[in-house]
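Enquirer: Following the hints, put chains S and R in place on chain U, whose structure we already have.
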Amino acid sequence: MRLRLTPRDTTYFDMLATLAQHNVTGASLLAELLGASRQERDKIAHRLSEAEHVADDATHSIMRRLNQTFVTPFDRDDIYGLASALDDCMDAMEEAGDLIVLYKVDELPLRVSEQVQVLQRCAELTAEAMPRLRSMDQLSDYWVEINRLENQGDKLHRELIAQLFDELTDPILLMKLKEIVDMLEEGADAFERVANMVEAIALKES
Amino acid sequence: MRLRLTPRDTTYFDMLATLAQHNVTGASLLAELLGASRQERDKIAHRLSEAEHVADDATHSIMRRLNQTFVTPFDRDDIYGLASALDDCMDAMEEAGDLIVLYKVDELPLRVSEQVQVLQRCAELTAEAMPRLRSMDQLSDYWVEINRLENQGDKLHRELIAQLFDELTDPILLMKLKEIVDMLEEGADAFERVANMVEAIALKES
Amino acid sequence: MRLRLTPRDTTYFDMLATLAQHNVTGASLLAELLGASRQERDKIAHRLSEAEHVADDATHSIMRRLNQTFVTPFDRDDIYGLASALDDCMDAMEEAGDLIVLYKVDELPLRVSEQVQVLQRCAELTAEAMPRLRSMDQLSDYWVEINRLENQGDKLHRELIAQLFDELTDPILLMKLKEIVDMLEEGADAFERVANMVEAIALKES
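Those protein sequences? They're chains U, S and R, same order as listed.
Just so we're aligned, residue 21 is where the first sequence starts under our numbering, counting upward by one.
Just so we're aligned, residue 21 is where the second sequence starts under our numbering, counting upward by one.
Just so we're aligned, residue 21 is where the third sequence starts under our numbering, counting upward by one.
It should be emphasised that the hints constitute simulated quantities derived from the structure, not laboratory data.
Keep in mind that the hints are not guaranteed to be accurate.
Each computed DSS-like pair below joins lysine-lysine, with the alpha-carbon atoms no more than 25 Å apart [said to hold, decoys possible]:
1. Lys124/U x Lys63/S
2. Lys198/U x Lys124/R
3. Lys124/S x Lys198/R
4. Lys198/S x Lys175/S
5. Lys63/R x Lys198/R
6. Lys63/S x Lys198/S
7. Lys124/S x Lys124/U
8. Lys198/U x Lys198/S
9. Lys198/R x Lys198/S
10. Lys198/U x Lys198/R
11. Lys124/S x Lys63/S
12. Lys63/R x Lys124/R
13. Lys175/R x Lys124/S
14. Lys198/R x Lys175/U
15. Lys124/R x Lys175/U
16. Lys198/S x Lys175/R
17. Lys63/R x Lys175/U
18. Lys63/U x Lys124/U
Residues from chain U that keep clear of chain S, each with C-beta distances beyond 12 Å, as calculated [stated by the list, open to error]:
19. Arg61
20. Ala78
21. Arg96
22. Asp98
23. Glu127
24. Arg131
25. Ile181
26. Pro191
Some, not all, of what chain S presents toward chain R, calculated at C-beta under 7 Å [claimed, not checked]:
27. Thr89
28. Pro93
29. Leu122
30. Thr189
Using N, Cα and C, we set each Cβ at its ideal position, and we do this for glycine too.
Same shape as in the complex, but just chain U (with noise of 0.2 Å):
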């Protein structure tokens, strides 16, 4: 336990919970963009972009703020660390549900569904947890449970890329779906990095 010589600023946390709290609006608008049809899909992947420079902002107050205050309710560098975290997290959805509207992709194998419920189920947890580092209580539910579900995209996201390679033979489209399938796992393990941040502060100011 470090000394705190003045009261912590605790602005932080809720910008922090705001931040992950627009990866929850993320996730959803790209769950309604896989169900959605070819021409709702442009409008749909818009209002992703927007969620996603929402979240921009939001990050760059973080680093503003950081680097113009001086005591920080922990160390600066893993706030830091994990404002940039939560914003991978956006990035690689946002890039997802582009590239699906860039590719003009008509049908996505049906798992990846599945993977995007990994996301929304990743991006809840996340917006969960953040308002806890404030105690720093029961924080490892919410880590393991990361882990869990990372785990559980991986394999899905292996054998979703071996399904691809077996049943198309149009190397174009091949390319398409597999850059689409390979960023929504970017997704997942930008929530893994989240949580394994989290743990690790959680461990420093035990």
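Expert: Same frame as chain U, now just chains S and R:
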């Protein structure tokens, strides 16, 4: 404003400015390579490789100095970060040039030259900004403009990728061109990371 | 030379040496997998996966210890960086083995075995160097040799990519082999990052 206990070692500013100047050379060579015939390209790519080695040595000198001196003009980690981000710009440009030669691409999509113009402009603005780190004056114009350029580059990249998938039927040629266009976009991203770091440093030091 | 206020916790040296030793195991399994028939490959890839999990746990133990102890033999961030860079080497090797099995590749280009030999040599040199961190003695031979090996691996990688694009007409097979060859090159890059960190640490501590 943090206390300065000793006179600042200003050599770092000169070293970072030199490193940024190598990126200007790299971006010009890339533009030259784009306009050249396939026979000339080998020679230009070779000069680009040599420029990359020189930049590598310059980065290494900064690292070595950082590890051996105690007092730095601003955070040691920030100088380290800036030097390695500047080096990433060069790496991406050199790799793009290398891919063009390696893949024996006869014709590149016309708008690839617009991507390279974005890189040239980014490299020039960055080289002009580095000496201003000394006084921390008038840096905001620089990072605002780089962010604008990167957004423009990003839009261009998306349009180029869509065009490649719309127009090409040869999957192998598509793979090659996509990788080149993606690598040029990585170059623009690298310049944006430099600008973001400069913004963070300016905020901290103000 | 920084002051040491307390006896150094030397456990970290042993932990890093153990982690580096896992990479030697990983590289041998990869070499074994390359020489095996498709039926045997599954089993070897499974052992490689297990080795990767063991290395993961070892990395995690280092992180946990770092977050709970106050005095470390050198910069906390450097130990963190070294452990995670050593882990990246294993990840790349495991992923390469995984791709070979996942893609059901019958025949790999002959020179892929040269890439794996580079990885084996890098892993051995790194494992031999880790215990020398304790005394910081005779480390320069190690990083110079790793840099030489990485350059050799880089040249080999470029030649292999050129060969794949020259010889293959099946775009799907090309995608698979390119990804494997690229992943092996990422492994060599990861070993180089470890060597660069050791060089930086040695300079700081001298």
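Enquirer: It remains to establish, for every hint, whether it holds in the given structure.
Expert: Consistency of the hints with the structure:
Of the pairs offered as hints, the one joining Lys124/U and Lys63/S is violated, with about 40 Å between alpha carbons and a cut-off of 25 Å exceeded. For the hint pairing Lys198/U with Lys124/R, the CA-to-CA distance comes to about 17 Å; that is within 25 Å, so the pair holds. Our distance criterion of 25 Å between C-alpha atoms is met by Lys124/S and Lys198/R, whose separation comes to about 17 Å. Restraint check: the Cα-Cα separation between Lys198/S and Lys175/S comes to about 15 Å, which is no more than 25 Å; the hinted pair holds.
This hinted pair checks out: Lys63/R and Lys198/R have alpha carbons roughly 24 Å apart, not beyond 25 Å. Of the supplied pair hints, the one linking Lys63/S and Lys198/S holds, its CA atoms being roughly 24 Å apart against a limit of 25 Å. For the proposed pair Lys124/S and Lys124/U, the alpha carbon gap of about 29 Å is over 25 Å, so the pair is violated. Distance restraint check for Lys198/U and Lys198/S: the Cα-Cα separation of roughly 14 Å lies within the 25 Å cut-off, and the hinted pair is therefore satisfied.
Restraint check for Lys198/R and Lys198/S: the C-alpha separation of about 14 Å stays at or below 25 Å, so the hint holds. At most 25 Å may separate the alpha-carbon atoms for a hinted pair to count; Lys198/U and Lys198/R meet this at roughly 14 Å. For the suggested pair Lys124/S and Lys63/S, the alpha carbons sit about 14 Å apart, so the restraint of at most 25 Å is met. A C-alpha spacing of about 14 Å is found between Lys63/R and Lys124/R, which places the hinted pair at or below 25 Å, so the restraint holds.
Restraint check for Lys175/R and Lys124/S: satisfied, since their Cα atoms lie roughly 17 Å apart, inside the 25 Å limit. Proximity of Lys198/R to Lys175/U is assessed by CA-CA distance (about 22 Å); at most 25 Å being required, the pair is judged to hold. About 17 Å separates the Cα atoms of Lys124/R and Lys175/U, which keeps this hinted pair within 25 Å; it holds. For the hint linking Lys198/S to Lys175/R, the alpha-carbon distance of about 22 Å falls within 25 Å, and the restraint holds.
Pair hint Lys63/R plus Lys175/U holds up; C-alpha atoms about 17 Å apart against a cutoff of 25 Å. Proximity of Lys63/U to Lys124/U is assessed by CA-CA distance (about 14 Å); at most 25 Å being required, the pair is judged to hold. Every C-beta of chain S lies more than 12 Å from that of Arg61/U, the closest at about 14 Å, which supports listing it as non-interface. Look at Ala78/U: its CB is around 15 Å from the nearest CB on chain S, clear of 12 Å, so calling it non-interface holds up.
With a least beta-carbon separation of about 10 Å from chain S, Arg96/U fails to lie farther than 12 Å from that chain, contradicting its non-interface assignment. Once the 12 Å rule is applied to beta carbons, Asp98/U is consistent with being away from chain S; the minimum gap is 14 Å. With 12 Å as the threshold on Cβ separation, the claim that Glu127/U sits away from chain S holds: the shortest Cβ distance comes to roughly 16 Å. No beta-carbon of chain S is positioned within 12 Å of the beta-carbon of Arg131/U; the least distance is around 23 Å.
The beta carbon of Ile181/U sits about 17 Å from the closest Cβ of chain S, which is more than 12 Å, so the claim that it is off the interface holds. Not every C-beta of chain S lies more than 12 Å from that of Pro191/U, the closest at about 4 Å, which undercuts listing it as non-interface. Evaluation of the Thr89/S hint against chain R yields a violated restraint, the C-beta minimum of about 10 Å exceeding 7 Å. A cut of 7 Å between beta carbons decides the hint on Pro93/S: the least distance to chain R is about 18 Å, and the hint is violated.
This hint holds: Leu122/S has a C-beta 6 Å from the nearest C-beta of chain R, less than the 7 Å allowed. Against a cut-off of 7 Å between C-beta atoms, the interface hint on Thr189/S is violated, since the closest Cβ of chain R lies about 11 Å away.
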